[in-house]
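**Student:** So you can see what is in the structure, the chains are spelled out below.
Protein chains: 2
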Amino acid sequence: MDNDEQSKTVKAVKGWLLEARDDVLRQIDSRLKVDTKSSRSDLVTNIDRSNEKFIVNKIREFDPDAKILGEEGFGDKVTDTKGRIWIVDPIDGTMNFVKQRNHFAMMLSLYINGQGVLGFIMDVMNNELVYGGPDLGVFINTRQMVTVNDSKLQDGLIGLSGPMVVHDDFNMQEIANTSLGMRVYGSAGIDMIAVLKGELVGYISYLKPWDFGAGRILAETIGLKITTIDGRQLGVLSSEPVLLATENAHHDILTIVKK
Amino acid sequence: MDNDEQSKTVKAVKGWLLEARDDVLRQIDSRLKVDTKSSRSDLVTNIDRSNEKFIVNKIREFDPDAKILGEEGFGDKVTDTKGRIWIVDPIDGTMNFVKQRNHFAMMLSLYINGQGVLGFIMDVMNNELVYGGPDLGVFINTRQMVTVNDSKLQDGLIGLSGPMVVHDDFNMQEIANTSLGMRVYGSAGIDMIAVLKGELVGYISYLKPWDFGAGRILAETIGLKITTIDGRQLGVLSSEPVLLATENAHHDILTIVKK
Numbered sequence: 001m002d003n004d005e006q007s008k009t010v011k012a013v014k015g016w017l018l019e020a021r022d023d024v025l026r027q028i029d030s031r032l033k034v035d036t037k038s039s040r041s042d043l044v045t046n047i048d049r050s051n052e053k054f055i056v057n058k059i060r061e062f063d064p065d066a067k068i069l070g071e072e073g074f075g076d077k078v079t080d081t082k083g084r085i086w087i088v089d090p091i092d093g094t095m096n097f098v099k100q101r102n103h104f105a106m107m108l109s110l111y112i113n114g115q116g117v118l119g120f121i122m123d124v125m126n127n128e129l130v131y132g133g134p135d136l137g138v139f140i141n142t143r144q145m146v147t148v149n150d151s152k153l154q155d156g157l158i159g160l161s162g163p164m165v166v167h168d169d170f171n172m173q174e175i176a177n178t179s180l181g182m183r184v185y186g187s188a189g190i191d192m193i194a195v196l197k198g199e200l201v202g203y204i205s206y207l208k209p210w211d212f213g214a215g216r217i218l219a220e221t222i223g224l225k226i227t228t229i230d231g232r233q234l235g236v237l238s239s240e241p242v243l244l245a246t247e248n249a250h251h252d253i254l255t256i257v258k259k
Numbered sequence: 001m002d003n004d005e006q007s008k009t010v011k012a013v014k015g016w017l018l019e020a021r022d023d024v025l026r027q028i029d030s031r032l033k034v035d036t037k038s039s040r041s042d043l044v045t046n047i048d049r050s051n052e053k054f055i056v057n058k059i060r061e062f063d064p065d066a067k068i069l070g071e072e073g074f075g076d077k078v079t080d081t082k083g084r085i086w087i088v089d090p091i092d093g094t095m096n097f098v099k100q101r102n103h104f105a106m107m108l109s110l111y112i113n114g115q116g117v118l119g120f121i122m123d124v125m126n127n128e129l130v131y132g133g134p135d136l137g138v139f140i141n142t143r144q145m146v147t148v149n150d151s152k153l154q155d156g157l158i159g160l161s162g163p164m165v166v167h168d169d170f171n172m173q174e175i176a177n178t179s180l181g182m183r184v185y186g187s188a189g190i191d192m193i194a195v196l197k198g199e200l201v202g203y204i205s206y207l208k209p210w211d212f213g214a215g216r217i218l219a220e221t222i223g224l225k226i227t228t229i230d231g232r233q234l235g236v237l238s239s240e241p242v243l244l245a246t247e248n249a250h251h252d253i254l255t256i257v258k259k
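Just so you know, the protein sequences line up as chains G and R, in that order.
For reference, each letter of the first sequence is one residue, going 1 to 259 in UniProt numbering.
For reference, each letter of the second sequence is one residue, going 1 to 259 in UniProt numbering.
I should point out that these hints are in silico values taken from the structure, not numbers from a laboratory.
Some hints here could point you the wrong way.
Since the list can't tell identical chains apart, any single copy or any two copies may satisfy a pair.
[Claimed, not checked] When the alpha-carbon atoms are kept at most 30 Å apart in a straight line, the in silico DSS-like pairs for lysine-lysine are as follows: (1) Lys-259 x Lys-67; (2) Lys-208 x Lys-259; (3) Lys-37 x Lys-152; (4) Lys-197 x Lys-33; (5) Lys-37 x Lys-8.
Please put together the full structure from these sequences, using the hints given.
**Tutor:** Shown next as structure tokens:
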């Protein structure tokens, strides 16, 4: 992707996200239509759906030959990573959205032949857009982000999935105890922004492609490490426990996971 | 306390908190001097100290006969609840302050003969001041807060202390499982604002008087319930596990705690 095409794409996506954000804010006090999916804590609302439709339509217009993988199913059935793939999470942290009207994100990313090109995470209520890619660097709103300190697990706070802590999956409780404290925010997008900013040294949760698609590109661009929980390479289309962390904390966490 | 005195007090305290906030923001990117207190996760910084000194001096000027209980010890030795007592937490969530420069609060409250009169919690980085008391109601910045929905535990998110979850104190893991999800924010002030706004149905943590002094007044004013973890009345000068929740979630949680 040449520079011109890239800046044209960034400009277009920013426009969609701002428009989608306005739309969410306009409806923020309305009564939501909430349905459960796989469990009582896996929710989808009318706004997740309308927001995904809106973004999918924008992508179709802008990039008609690309495939689209969307959380709520308005994209395509994507089975391999050939060509251009857009990954869309219209509302990440739907439980927070429903119960808090706060602490949720919109996420969008573009992969070409399995390589991450551009990622976008918008913290809707904080009006914070973190975006970028390997050719561009990472920006938070208009400010370019510098490299994150390579902190150790024992010197930082760690973002975890609540259920994984309670079930002590992969020695999650020892990971929490080794850190200076665990935090549970309930949205991959919000957690990943915190890691990108250096507020957390890492984040662990069971994730799907739309949960980590954007964050992975941003994380790798800024020198963070993102793999499966046991250190394997993360597939673009994987659904599994994901470990995002500074290089040092990643090493510390893997040591505990593999005990 | 008559109405005139009350509005004069509110105006004064708002002024101190805004001035203290400006001072913190001015130093937000500076290198902090960090010391540990009771453990490696119990921190105090030069800013906690200077901020407490600033507030204590303001109180001494404004209310010379009152006693002051401050987290960092610049107040008085307070052993009973007679008379006017100001309770000060200059930086609540010091670990977040140190590691995140985000998600921390300043808290201040006034008790007269053991009765809560006014409470103030300022989310510094969100520029959100929640304040009020039984005669005044509760305000978030300039907007009066209405009563919170009396949600059940099973219908809401619950704010917990990370260590209490990991150690499964008081059946904390069953409490998390019963709710729609646990959140761990790491600051009593930030957690209590979330409960006051209805973003969480409750919050449980081991707290000291400066951690709950302000939140207790605001919570009781707005119809929330705050007690010890086993449902006893909370003393103004107590240090123990505290349970703040909606009436319904309070009942649900007590049932699980007492199993």
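**Student:** Using 30 Å as the alpha carbon limit, work out where Lys-208 and Lys-259 are close: within a copy, between copies, both or neither.
**Tutor:** For Lys-208 and Lys-259, the Cα distance is within 30 Å only inside one copy (25 Å; across copies 37 Å).
**Student:** Quick one: Lys-197 to Lys-33, C-alpha cut-off 30 Å, is that within a copy, between copies, both, or neither?
**Tutor:** between (34 Å within a copy, 21 Å between copies)
**Student:** At most 30 Å between CA atoms: does that hold for Lys-259 and Lys-67 within a copy, between copies, both, or neither?
**Tutor:** neither (40 Å within a copy, 53 Å between copies)
**Student:** With identical chains, the pair Lys-37 and Lys-8 could be close in the same copy or across copies; at 30 Å between alpha carbons, which is it: within, between, both, or neither?
**Tutor:** Neither: 36 Å inside a copy, 53 Å across copies.
**Student:** At 30 Å max between alpha carbons, let me know whether Lys-37 reaches Lys-152 within a copy, between copies, both or neither.
**Tutor:** Intra 37 Å, inter 21 Å, cutoff 30 Å: inter-copy only.
This entry does not satisfy hints 1, 5, going by the numbered hints stated previously.
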